[in-house]
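The residues making up each chain are set out below.
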Amino acid sequence: MAETSSRTRSGRLTRWLVSGPPFVFLAVFFLLPALIMVVASVRYPGEFGALAPIFGDVPGEDRGLTLENYAVFFGDWIYAQIFVKSFGVAALTTLICLVMAYPVALLIARSPQQYRNVMVLLVILPFASNFLVRVYAWMIILGPLDLLFSRFAVIVGMVYVHLPFMILPLYTNLEKHDPALLDAAQDLGANAWRRFWRVTFPLSLPGIFSGSALVFIPVLGMFAIPEILGGKDDWLVGNLIKESFLGTRDWPFGSMLSLMLTIAVLAIAGVAAWLARRGAAHA
Amino acid sequence: MRRSPLLWISALAVYAFLYVPLAVVVVFSFNDSKLNAEWVGFTLDWYRKLFQNEEMLNAAVNSVFIALVAAALATVLGTMAGIAIHRYRSKFLPALTLTPIAMPEILLGVSLLIFFIAVFGEESLSLATVIIAHTTFCIGFVAIIVRSRLSGMDESIFEAARDLGATPWQTFRLVTLPLIAPGVLAGALMAFTLSIDDFVITFFTAGAGVPTLPLTIYTMIKVAVTPEVNAVSTLLMLLTLTLIVIAGKVAPDALRGPSS
Amino acid sequence: MTQSVFMRRTVEPGRRKVLAALAATLAAFGVAMTAGCGKTGSDSEGDGDKPAASSGGNELRLYNWNNYLAEETTKSFEAFCKCRLVQDYYSDNEEMLAKLAAGATGYDILVPTGNAVQTLISQGALRELDKARIKGFANLKSEFVGQWFDPDNQYSVPYAYSVTLLGYNAEKVQELGIPTDTWAAIFEPRYLEKLHGKVTVLDSQRELFAAALIYLGYSANEADEAKLKEARELILRAKPYWAAFNASSYIKELTIGNIWLAHGYSNDMFQAAADARNAKRPFAIGYATPKEGAVLAIDNMVLHRTGPRPDLAYLFINFMLDGENAAQLSNMIGSGNPNAAAMQFIEPQVKENPAVFPSPERMQKLQQLRDLPKKERRLLNRFWTEVKVR
Numbered sequence: 005m006a007e008t009s010s011r012t013r014s015g016r017l018t019r020w021l022v023s024g025p026p027f028v029f030l031a032v033f034f035l036l037p038a039l040i041m042v043v044a045s046v047r048y049p050g051e052f053g054a055l056a057p058i059f060g061d062v063p064g065e066d067r068g069l070t071l072e073n074y075a076v077f078f079g080d081w082i083y084a085q086i087f088v089k090s091f092g093v094a095a096l097t098t099l100i101c102l103v104m105a106y107p108v109a110l111l112i113a114r115s116p117q118q119y120r121n122v123m124v125l126l127v128i129l130p131f132a133s134n135f136l137v138r139v140y141a142w143m144i145i146l147g148p149l150d151l152l153f154s155r156f157a158v159i160v161g162m163v164y165v166h167l168p169f170m171i172l173p174l175y176t177n178l179e180k181h182d183p184a185l186l187d188a189a190q191d192l193g194a195n196a197w198r199r200f201w202r203v204t205f206p207l208s209l210p211g212i213f214s215g216s217a218l219v220f221i222p223v224l225g226m227f228a229i230p231e232i233l234g235g236k237d238d239w240l241v242g243n244l245i246k247e248s249f250l251g252t253r254d255w256p257f258g259s260m261l262s263l264m265l266t267i268a269v270l271a272i273a274g275v276a277a278w279l280a281r282r283g284a285a286h287a
Numbered sequence: 519m520r521r522s523p524l525l526w527i528s529a530l531a532v533y534a535f536l537y538v539p540l541a542v543v544v545v546f547s548f549n550d551s552k553l554n555a556e557w558v559g560f561t562l563d564w565y566r567k568l569f570q571n572e573e574m575l576n577a578a579v580n581s582v583f584i585a586l587v588a589a590a591l592a593t594v595l596g597t598m599a600g601i602a603i604h605r606y607r608s609k610f611l612p613a614l615t616l617t618p619i620a621m622p623e624i625l626l627g628v629s630l631l632i633f634f635i636a637v638f639g640e641e642s643l644s645l646a647t648v649i650i651a652h653t654t655f656c657i658g659f660v661a662i663i664v665r666s667r668l669s670g671m672d673e674s675i676f677e678a679a680r681d682l683g684a685t686p687w688q689t690f691r692l693v694t695l696p697l698i699a700p701g702v703l704a705g706a707l708m709a710f711t712l713s714i715d716d717f718v719i720t721f722f723t724a725g726a727g728v729p730t731l732p733l734t735i736y737t738m739i740k741v742a743v744t745p746e747v748n749a750v751s752t753l754l755m756l757l758t759l760t761l762i763v764i765a766g767k768v769a770p771d772a773l774r775g776p777s778s
Numbered sequence: 105m106t107q108s109v110f111m112r113r114t115v116e117p118g119r120r121k122v123l124a125a126l127a128a129t130l131a132a133f134g135v136a137m138t139a140g141c142g143k144t145g146s147d148s149e150g151d152g153d154k155p156a157a158s159s160g161g162n163e164l165r166l167y168n169w170n171n172y173l174a175e176e177t178t179k180s181f182e183a184f185c186k187c188r189l190v191q192d193y194y195s196d197n198e199e200m201l202a203k204l205a206a207g208a209t210g211y212d213i214l215v216p217t218g219n220a221v222q223t224l225i226s227q228g229a230l231r232e233l234d235k236a237r238i239k240g241f242a243n244l245k246s247e248f249v250g251q252w253f254d255p256d257n258q259y260s261v262p263y264a265y266s267v268t269l270l271g272y273n274a275e276k277v278q279e280l281g282i283p284t285d286t287w288a289a290i291f292e293p294r295y296l297e298k299l300h301g302k303v304t305v306l307d308s309q310r311e312l313f314a315a316a317l318i319y320l321g322y323s324a325n326e327a328d329e330a331k332l333k334e335a336r337e338l339i340l341r342a343k344p345y346w347a348a349f350n351a352s353s354y355i356k357e358l359t360i361g362n363i364w365l366a367h368g369y370s371n372d373m374f375q376a377a378a379d380a381r382n383a384k385r386p387f388a389i390g391y392a393t394p395k396e397g398a399v400l401a402i403d404n405m406v407l408h409r410t411g412p413r414p415d416l417a418y419l420f421i422n423f424m425l426d427g428e429n430a431a432q433l434s435n436m437i438g439s440g441n442p443n444a445a446a447m448q449f450i451e452p453q454v455k456e457n458p459a460v461f462p463s464p465e466r467m468q469k470l471q472q473l474r475d476l477p478k479k480e481r482r483l484l485n486r487f488w489t490e491v492k493v494r
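Chains as they are written, first to last, in the working numbering: chain A, 5 to 287; chain B, 519 to 778; chain C, 105 to 494.
Keep in mind the hints are simulated off the structure, nothing from the lab. Some clues are possibly wrong.
Below are the DSSO-like pairs computed for lysine-lysine, each with C-alpha atoms no more than 27 Å apart in a straight line [said to hold, decoys possible]:
hint	chain 1	residue 1	chain 2	residue 2
1	C	K276	A	K236
2	C	K245	C	K276
3	C	K395	C	K245
4	C	K469	A	K236
Please read all numbers here as calculations on a predicted model, not as lab measurements.
Just chain A, same shape as in the assembly (with noise of 0.2 Å):
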């Protein structure tokens, strides 16, 4: 029936009016600057850093495109380690949210009807709070035991601005599950830990794995943990970004690392829809 209306001259016009608005917006303030940070990635930083202009050519000797930030970029290992240290940072926050949003999750799929909704909103409420809250609540915490400053102190405040978003798909997940299917598993003899691992969690994985990418993907980009929890040494991609930025003002470079992240986060959202399809197809 959709398609039939679309054909007509006054619903293409509507497809048109409806569409149009959202997609004009995204194109301009979405789409336009990604093409211009690409475009940033290979030009020179201005003459007093920030960028050359864009239309228009810079006195001097360095007119022009270049590949001179990716050539830093691939010759000297300490970025690609950046990147690897955020990526470890990222897995790690994603296990440890794994492990504690199950039982919570767990626990609400399996309570009754009338609770759930208050058990979700009670997951939901600390996420009413700003973002930057949540963190300085740990500095209150860490602070007195000496753990500020730390590796581990950016762990937990990874973990703790998180692990919502990694209970709530695991819980939409495992509210659909049949409880049958659990009890032809202990009628045939399995024990709660084979029931769990053997029916639960393999049904749940899809769950899992939108959870994880939930988790995953934004802890990559975070500065501003790092910068507040961390020590000198906790530097992750996002701060290096932001250095960049508004610290040693190479916006060419930046925007290359910037480059960089996006496609590390595309490989990541790739592999995480095929094993979430796979997970489905497995369960």
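Fit chains B and C to the supplied structure of chain A, relying on the hints for placement.
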């Protein structure tokens, strides 16, 4: 058996983990001591100081204004996008709408910074740029909520309306809109909350003259932390809490988050 | 049509309730904020935090270093100009320049160091000064007028100066036998080991590299790649022993006693010492200029092109050129004073402090930072990134 004691204990431990830090912030906002170290006595001083802190109040007004405008814009555009995605099954629009929220925020912030400075010049960062930035990442959320609301609906209603001779606009106004209204409202509330709380994107797209609440809190945390931060945090928590509760009442399924 | 009526009937009541709740929430928030605004209009109950603005909207926007203007001075200025002084802070010239490049506009006055003035002038970011509107220029000491970055003072008026040096916890460094008159204290592992990681260095690429270069015997403005690499290696060798790169809160850390040795600005150390005395800490904070040399920073008031109130800006400049007001910069902040008329108002112990007012011989050994050419700047950026990341 399904909900063994082990499950209860571990789940409650996680709930505690979620709440204890916030409780600390709230409790110390009433503490009569400059250091967030130990309880000295009860006081409302920090709240009083907060309401006299002009910078903070200015930032709060900015935050609310930005959130209102951005939420309104995002709701309108996001609803349109949600309807378009559901009805026209295009491949491109969903990708365009959802990618901004799938990416780490820093990427959006940084690309908009470059965009505004390169295209509009060095002095362009202002209230408008922040509003645009916020709208960009809120559209996706509204679209998801509206679209999921639509997908649970019986298509025959729309057919019936068309068969009865309604124009598309009439169908929208009298049938679609009332049906998706809770979703639209939930989306609007979600957008408002996200905008008020946003830090990273605002950090890059606000010029010097546009302090928002999160930006001010950030500066306070980095330079001179006083319990005023606790006070403003508590108040912010109350506000967004209220809004989320309302959103929960309006569209309970909307808050489950993307189901993959 | 009956369908929509049906929908309207069932959806409306719930929706109305929700909208009412939403309106009530936002109204409550709005009332709370305007109530707060009301309070600031009238004089607060003895809470001297921020003096009320008697003329709404009359603001001077100042972008200044952390802790570079005393509260008392701010208040007297506000009384003098019947306006509000709104300050934003930075702790490094690079930070200020980066923020300006990233779109921070609307500041009337900035207080950049000489090399940053040089950059801003080349960018065309500053207003030319109308000398006729400046009173008290003659108060300035001749050696600070007509500096290399602005030979005719077309754009800048000297404000204060400071030396980047080492501040320390006197008891601890004596106990541990750490020499405080040399940069070796923060670069040599044999000293750093004893300090157990209670050391911070400035989070500033120019300042830290300058300290390293000076320690190695080179110029602070060295642009030779090999020498910069040497400096980088020196820094990287010492980095594991440092607690943090810190440009703003090291004063507090020294005063509390969390940090025993800090690389920082002389005026900050002055304040740390005063704070420690006032808080009756069991130790004293000392500070000394290393014998190898150090960076001298002459900070200047400049008018930014996008500042909305140049008239108030001139008022501020004239206010700070007055001897008594300028003296507060030394007495309360501990910064060196380029104002000759201020000297009579400065307390003796501050005047005699060699870190605040270095002797002419010492001044010879101090170097000012100059802006590097673009290629060298990028090189230094790269090295700084490596320092931060390795």
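Hints, verified against the model:
no. : hint            : in the structure
1   : C:K276 / A:K236 : holds (24 Å)
2   : C:K245 / C:K276 : violated (38 Å)
3   : C:K395 / C:K245 : holds (26 Å)
4   : C:K469 / A:K236 : violated (31 Å)
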